[in-house]
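*Asks:* Take these sequences, add in the hints, and give me the full structure.
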Amino acid sequence: MSLELNDTLQGVVDGLSSEYSEDLIEVYQSCDHTYIRVEAKNIVDICSYLKKKHHFIFLSDVIGTDRYTSDERFEIIYNMMNLRTRDRLFIKIRVEEENPKADSVTSVWKSASWMEREIYDMFGIRFEGHPDLRRIFMPEDFEYFPLRKEFPLLGIPGSIELPNTTPDTE
Amino acid sequence: MGIESALGEGFFTTKIDSLTNWARANAAWPMPMGLACCAIEMMAFAGPRYDAARFGSEVMRFSPRQSDVMIVAGWSTYKMSHAIRRIWDQMPDPKWCIAMGACASTGGMHRCYGVVQGVDNYLPVDAYVSGCPPRPDALLHALMKIQDKIKTEHSVLLDT
Chain Z
277 MSLELNDTLQ GVVDGLSSEY SEDLIEVYQS CDHTYIRVEA KNIVDICSYL KKKHHFIFLS
337 DVIGTDRYTS DERFEIIYNM MNLRTRDRLF IKIRVEEENP KADSVTSVWK SASWMEREIY
397 DMFGIRFEGH PDLRRIFMPE DFEYFPLRKE FPLLGIPGSI ELPNTTPDTE
Chain G
190 MGIESALGEG FFTTKIDSLT NWARANAAWP MPMGLACCAI EMMAFAGPRY DAARFGSEVM
250 RFSPRQSDVM IVAGWSTYKM SHAIRRIWDQ MPDPKWCIAM GACASTGGMH RCYGVVQGVD
310 NYLPVDAYVS GCPPRPDALL HALMKIQDKI KTEHSVLLDT
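As you go down the protein sequences, you meet chains Z and G in turn.
The opening residue of the first sequence carries number 277 in this note's numbering; numbering runs sequentially from there.
The opening residue of the second sequence carries number 190 in this note's numbering; numbering runs sequentially from there.
In case anyone wonders, no lab produced these hints; they're calculated from the structure.
By construction, the Cβ of each residue, glycine as well, lies at the ideal position given by its N, Cα and C atoms.
Certain hints may be false.
Here are the computed distance ranges between Cβ atoms for each label pair [what the hints assert, rightly or not]:
id, chain 1, residue 1, chain 2, residue 2, range
1, Z, R362, G, K338, 41 to 51 Å
2, G, F251, Z, L281, 31 to 41 Å
3, G, A242, Z, R362, 31 to 41 Å
4, Z, S387, G, A242, 15 to 25 Å
5, G, S252, Z, T441, 18 to 28 Å
6, Z, T442, G, G236, 29 to 39 Å
7, G, R238, Z, G287, 54 to 64 Å
8, G, H271, Z, E404, 55 to 65 Å
9, G, H271, Z, P428, 55 to 65 Å
10, G, W218, Z, S387, 41 to 51 Å
Calculated from the model, a selection of chain Z residues having no Cβ within reach of chain G, i.e. all distances over 12 Å [said to hold, decoys possible]:
id, residue
11, L281
12, E302
13, V303
14, C307
15, D308
16, Y311
17, E315
18, Y325
19, K328
20, H331
21, I333
22, S387
23, P422
24, F427
25, P428
26, E437
Example chain Z residues on the side facing chain G (calculated, C-beta under 8 Å, incomplete) [claimed, not checked]:
id, residue
27, L429
28, G434
29, I436
30, L438
31, T442
*Replies:* Following this line, the structure appears as structure tokens:
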């Protein structure tokens, strides 16, 4: 499929091809958006390059995905915007199932903090260099990662505590 | 200036249960526990069109210590359930509970790990209201059912 890129995104693809040619895995388009998959190890450098050189100053979302494959099971998608030309760009990295971890981009965008906490909460992917990696939705003592495919839809009975209904006996 | 002047020379007899039940049934002040869209219908229930004041329940008390009926309107997560139970425990006896809508009654469409599948898992519910969300008249119906229930209660121990 031939790519239909405007000036900003063409600049991004050309820039990444020359500066980070070893990390660039694939570029494709789907549903009017451009996706670039890169190696996970250099994600912080690539993100800060995109922010400084291509003005992608707004990180609108970070998404986790469980692909449920035997290798490179989890995927993290960074959804960023160029506020000057209003272009949106998706950067993807993949991480392994065994001890899943990725580098935190909180040093590039402060707003990544809660989004990475959410991904940690739901998928158990640890972000190295995150200032405060705690669960954000589920209780602190919850032992599972609910959006992983093997987690049952209705949860694990007894894994979250209900309130004591006989307070006088406490 | 008491009841004596109105009654003139006569008197009447009643049971203390009937008197307290009559008073309680017509002044069941709700504790609104609005957690989701059902709370909007609960506001209509209190507003002038449906007018819960006709049943003596117009005083929405946001303090649990002054309220008699807790209306759980909306879905309850496991995290929120501790706060709801704590508020329930702070309400003085006697107290009643309405589970308003499908979510509060059974978990409704939120059939997932984070939502308690019905508030009756940790609250003693007296009336369940079906609907998603229920119309304010359905909530009024539940309130009237609670009133019926109050009127049949025995709060004073009979000396037999």
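*Asks:* Take the hints in turn and mark each one as holding or not.
*Replies:* Comparing the hints with the structure gives:
Evaluation of the 41 to 51 Å hint for Z/R362 and G/K338 yields a failure: the beta carbon distance comes to about 60 Å. For G/F251 and Z/L281, the Cβ-Cβ distance of about 56 Å falls outside the hinted range of 31 to 41 Å, so the restraint is violated. Roughly 53 Å separates the CB atoms of G/A242 and Z/R362, a value that falls outside the hinted 31 to 41 Å. Checked against the hint of 15 to 25 Å, the pair Z/S387 and G/A242 fails, with Cβ atoms roughly 47 Å apart.
Distance hint for G/S252 and Z/T441: a CB-CB separation of about 22 Å, consistent with the stated range 18 to 28 Å. Distance hint check for Z/T442 and G/G236: the Cβ-Cβ separation is about 37 Å, which falls inside the suggested range of 29 to 39 Å. In this structure the supplied range 54 to 64 Å holds for G/R238 paired with Z/G287, their Cβ-Cβ distance being about 59 Å. Checked against the hint of 55 to 65 Å, the pair G/H271 and Z/E404 fails, with Cβ atoms roughly 33 Å apart.
Between G/H271 and Z/P428 the Cβ separation comes to about 23 Å, which falls outside the hinted range of 55 to 65 Å. Our hint of 41 to 51 Å for G/W218 and Z/S387 holds, since their Cβ atoms are close to 44 Å apart. No Cβ of chain G comes within 12 Å of the Cβ of Z/L281; the nearest lies about 40 Å off, and the non-interface call holds. Listed as outside the interface, Z/E302 is consistent with that label: its C-beta sits roughly 34 Å from the nearest C-beta of chain G, beyond the 12 Å cut-off.
Distance check for Z/V303 against chain G: the nearest CB is about 36 Å away, which clears 12 Å, and the non-interface claim stands. Interface exclusion of Z/C307 from chain G stands, the closest Cβ pair being 27 Å apart, more than 12 Å. The beta carbon of Z/D308 is kept farther than 12 Å from every beta carbon of chain G, the shortest such distance being approximately 31 Å. Against the 12 Å criterion, Z/Y311 stays outside the reach of chain G, whose nearest CB is about 29 Å from its own CB.
Every C-beta of chain G lies more than 12 Å from that of Z/E315, the closest at about 34 Å, which supports listing it as non-interface. Non-interface status of Z/Y325 relative to chain G is upheld: no Cβ of that chain comes within 12 Å, the nearest being about 38 Å off. Every beta carbon of chain G lies more than 12 Å from that of Z/K328, the smallest distance being close to 39 Å; the non-interface claim holds. Against the 12 Å criterion, Z/H331 stays outside the reach of chain G, whose nearest CB is about 38 Å from its own CB.
The Cβ of Z/I333 sits about 34 Å from the closest Cβ of chain G, beyond the 12 Å cut-off, so the non-interface label holds. For Z/S387, the shortest C-beta to C-beta distance to chain G comes to about 24 Å, beyond the 12 Å cut-off, and the non-interface label holds. Not every Cβ of chain G is farther than 12 Å from the Cβ of Z/P422; the closest lies at roughly 5 Å, contradicting the non-interface assignment. Listed as outside the interface, Z/F427 is inconsistent with that label: its C-beta sits roughly 7 Å from the nearest C-beta of chain G, within the 12 Å cut-off.
Residue-level check failed: Z/P428 sits 8 Å from the nearest beta carbon of chain G, not beyond 12 Å. Distance check on Z/E437: its Cβ comes as close as 7 Å (rounded) to a Cβ of chain G, failing to clear the 12 Å threshold; non-interface status is violated. For the restraint placing Z/L429 at the interface with chain G, the shortest Cβ-Cβ distance is roughly 6 Å, inside the 8 Å limit, so the hint holds. With a cut of 8 Å, the hint placing Z/G434 at the interface with chain G is violated, because the nearest CB-to-CB distance is about 11 Å.
For Z/I436, the interface hint holds, since its Cβ comes within 8 Å of a Cβ in chain G; the closest pair sits about 4 Å apart. A hinted interface residue such as Z/L438 counts as satisfied when its beta carbon comes closer than 8 Å to some beta carbon of chain G; here the least separation is about 5 Å, so the hint holds. For Z/T442, the suggested interface contact is broken, since its CB lies about 10 Å from the closest CB of chain G, more than 8 Å.
Hint compliance for this structure: hints 1, 2, 3, 4, 8, 9, 23, 24, 25, 26, 28 and 31 are broken, all remaining hints hold.
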